[in-house]
Amino acid sequence: MDVTRYFKMALCLLGAAGSGAFTVLGLLHHSVPGLQRAAVVVGDTYSQSAQSSQFWFLILLWSSVCAVFLWLAWRTFRT
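In this text, residue positions in the sequence shown follow numbering that gives the first Met the number 0: the first is 0, and each later residue adds one.
Treat the hints with caution; some may be incorrect.
Said to hold, decoys possible - Restraint-style ranges between C-beta atoms, simulated for each label pair:
1) A16 - L59: 17 to 25 Å
2) T3 - R36: 35 to 43 Å
3) G17 - R74: 31 to 39 Å
4) A49 - L10: 32 to 40 Å
5) Q47 - W73: 14 to 22 Å
6) A49 - L13: 25 to 33 Å
Bear in mind the hints are in silico, worked out from the structure with no lab data behind them.
Since the structure is predicted, the reported quantities are computational estimates derived from the model, not experimental observations.
Yeah, the Cβ is synthetic: ideal placement off N, Cα and C, and Gly gets one too.
Start from the sequences and build out the full structure, keeping to the hints where you can.
Okay, structure coming up:
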């Protein structure tokens, strides 16, 4: 039983869940926070109606980050 392998898988799945949650919540609320930490604390968000290109860029970014984390978890599981 390799503990580091399961730890890496758990970290990857946690990252995938977090970035997937950002994607789903952004689509549900029609707004997503920016990439800076201050944007989350202050509440600065990009909305779908006012800044649509930034909104869709961040949705695409978070969904691709989720896909990469899932791929890394699968790769760790298979090795």
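- Mind listing which of the numbered hints don't hold for this structure, in increasing order? 2, 3 and 5
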